[in-house]
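There are 2 protein chains.
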Amino acid sequence: MRTLFHLPMDPLSRTVRIILREKKLDFNLVYERIWDERDDFFSLNPAGEIPLFIDQNGAIIASFYAIIEYLEETYPENTFSDKNPLMKAEIRRLIDWFNGKFSREVTQKLVFEKIYKRHVLREGPDSKNLREGQYNIHAHMDYICYLIDRRRWLAGEELTIADFTAAAHLSCLDFLGCVPWEKYEEAKDWYMRIKSRPSFRPLLSDQVPGHTAAEHYANLDF
Amino acid sequence: MRTLFHLPMDPLSRTVRIILREKKLDFNLVYERIWDERDDFFSLNPAGEIPLFIDQNGAIIASFYAIIEYLEETYPENTFSDKNPLMKAEIRRLIDWFNGKFSREVTQKLVFEKIYKRHVLREGPDSKNLREGQYNIHAHMDYICYLIDRRRWLAGEELTIADFTAAAHLSCLDFLGCVPWEKYEEAKDWYMRIKSRPSFRPLLSDQVPGHTAAEHYANLDF
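Each protein sequence line maps, in turn, to chains W and P.
Under our numbering, the first residue of the first sequence is numbered 3, with each subsequent residue one higher.
Under our numbering, the first residue of the second sequence is numbered 3, with each subsequent residue one higher.
Everything labelled a hint here was simulated from the structure, so no lab data went into it.
Given the structure is predicted, the values throughout are model-derived calculations rather than measurements.
Some clues are possibly wrong.
It does not matter which identical chain is meant; a pair holds if it fits inside one copy or across any two.
Computed list of lysine to any residue pairs in SDA-like fashion (alpha-carbon distance at most 20 angstroms, straight line) [to be verified]: (1) K85 with N59; (2) K25 with D84; (3) K190 with R152; (4) K85 with E75; (5) K90 with V32; (6) K119 with E107; (7) K90 with E51; (8) K26 with R199; (9) K185 with R133; (10) K185 with D84; (11) K26 with H121; (12) K190 with C180; (13) K85 with I62; (14) K90 with E75; (15) K103 with D38; (16) K103 with N59; (17) K25 with E75; (18) K25 with Q209; (19) K103 with D41; (20) K190 with S201; (21) K103 with R35; (22) K185 with R199; (23) K103 with F29.
The shape of chain W in the complex, shown without the other chains:
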């Protein structure tokens, strides 16, 4: 059986979960408390990081980029990378946008502060980071609207991994009630289209001890 080591509020793990389900690949989820630094986990991935994927033949695939490219190559059913090199470059640019810039400016400042710091470090959140994350999200929501105004999906006319990556980040923030949807109609409409996919459903029942999901988090029509 395939296995994915993950954390529920990790956007990279969420993206892989969506892709695995879109490709109709069965897998077990293992909740990996990476801060415990288990020896058994380090022997699978010396970086000690999630997501980590083990395929049914035992192949161990570590790191987000290795996993998504491996899945695209190994399981070509429902492949979300266009064949055209320029379109692939656009998809990868947007994946990097959300896992790089968006993550640094928004996700880490809000999700890290509100969840990881509280549960792992047993500290209160840094209010400067919370303010900055909540401020920074607006420019990114504007950018999503800008793209969706010109294209059906983020990278073009087709649904791609860029959409899953962006939605994975937003879903963690939405769980915490941090997304100002009311000001960004196009982004909300785009997110609803992804949220209503069967591949997305399991994410909507994820739980985090000590946190209640925002009221609208699991609603398909919010």
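Based on these hints, arrange chain P on the given structure of chain W.
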């Protein structure tokens, strides 16, 4: 003519420079002061980040992953990604190791503090970050030695982009005299093999205003 927007002490830009030369592709280098946030640059890359590559047909390729995958696909001469999916996963795992974990734990703490903070923010370096970076580098040097003890190159028997990525990070640190080579013979031997390649030479004459490269930086036999 192809163009690469870069900064001399950015490991991502350095990796792309090496690959372009290994593939024997001519290009112009543009020194992009990203902190000036030029409108013309934002119109090319809304993320405002380097490296940014413009191909001879005018195609604009933004973000490190998009660039390296695009170059591998578009210019198959001297391709440094193996064809085997597991070997490709190993290459990408190591690229992520150096651009993720190594960058956060070492490069950012030393290169950012010593160069960017001084020249752009006009601040002194944070001594806690410097200490941490100089401490953290040892575990990574150990890991390079561990790999090189078992394989000719980092990802296996062939030279790959994983080697260029790791060497690009180490070269920035070496410029600053921060690499404890004397304790890590296998790593030093591996680095010398990359450093002596013609594709690497231009990096050895890079200059940074206000900094003198460490004495051995440009020596092929150091």
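Tested hints:
1. K85 with N59: Between copies only: 18 angstroms across, 27 angstroms inside.
2. K25 with D84: within (15 angstroms within a copy, 24 angstroms between copies)
3. K190 with R152: Close inside one copy (15 angstroms), not across copies (51 angstroms); limit 20 angstroms.
4. K85 with E75: both (12 angstroms within a copy, 11 angstroms between copies)
5. K90 with V32: Neither. Shortest intra-copy (31 angstroms) and inter-copy (25 angstroms) distances fail the 20 angstroms Cα cut-off.
6. K119 with E107: Classified as both: same-chain Cα gap 17 angstroms, cross-chain 19 angstroms, threshold 20 angstroms.
7. K90 with E51: between (26 angstroms within a copy, 19 angstroms between copies)
8. K26 with R199: For K26 and R199, only the intra-copy Cα distance (13 angstroms) is at most 20 angstroms; the inter-copy one is 45 angstroms.
9. K185 with R133: Within one copy only: 18 angstroms inside a chain, 44 angstroms across chains, cut-off 20 angstroms.
10. K185 with D84: neither (31 angstroms within a copy, 47 angstroms between copies)
11. K26 with H121: neither (33 angstroms within a copy, 51 angstroms between copies)
12. K190 with C180: Within one copy only: 13 angstroms inside, 48 angstroms across.
13. K85 with I62: between (26 angstroms within a copy, 17 angstroms between copies)
14. K90 with E75: both (13 angstroms within a copy, 10 angstroms between copies)
15. K103 with D38: For K103 and D38, the Cα distance is within 20 angstroms only across copies (17 angstroms; inside one copy 28 angstroms).
16. K103 with N59: neither (35 angstroms within a copy, 28 angstroms between copies)
17. K25 with E75: within (12 angstroms within a copy, 24 angstroms between copies)
18. K25 with Q209: This pair counts as neither: shortest intra-copy Cα distance 24 angstroms, inter-copy 49 angstroms.
19. K103 with D41: Only across copies: K103 and D41 sit 18 angstroms apart there, 32 angstroms inside one copy, limit 20 angstroms.
20. K190 with S201: Classified as within; 18 angstroms inside a copy, 47 angstroms across copies.
21. K103 with R35: between (25 angstroms within a copy, 18 angstroms between copies)
22. K185 with R199: neither (23 angstroms within a copy, 54 angstroms between copies)
23. K103 with F29: Answer is neither; intra-copy 30 angstroms and inter-copy 27 angstroms both fail.
The earlier numbered hints that this structure contradicts are 5, 10, 11, 16, 18, 22 and 23.
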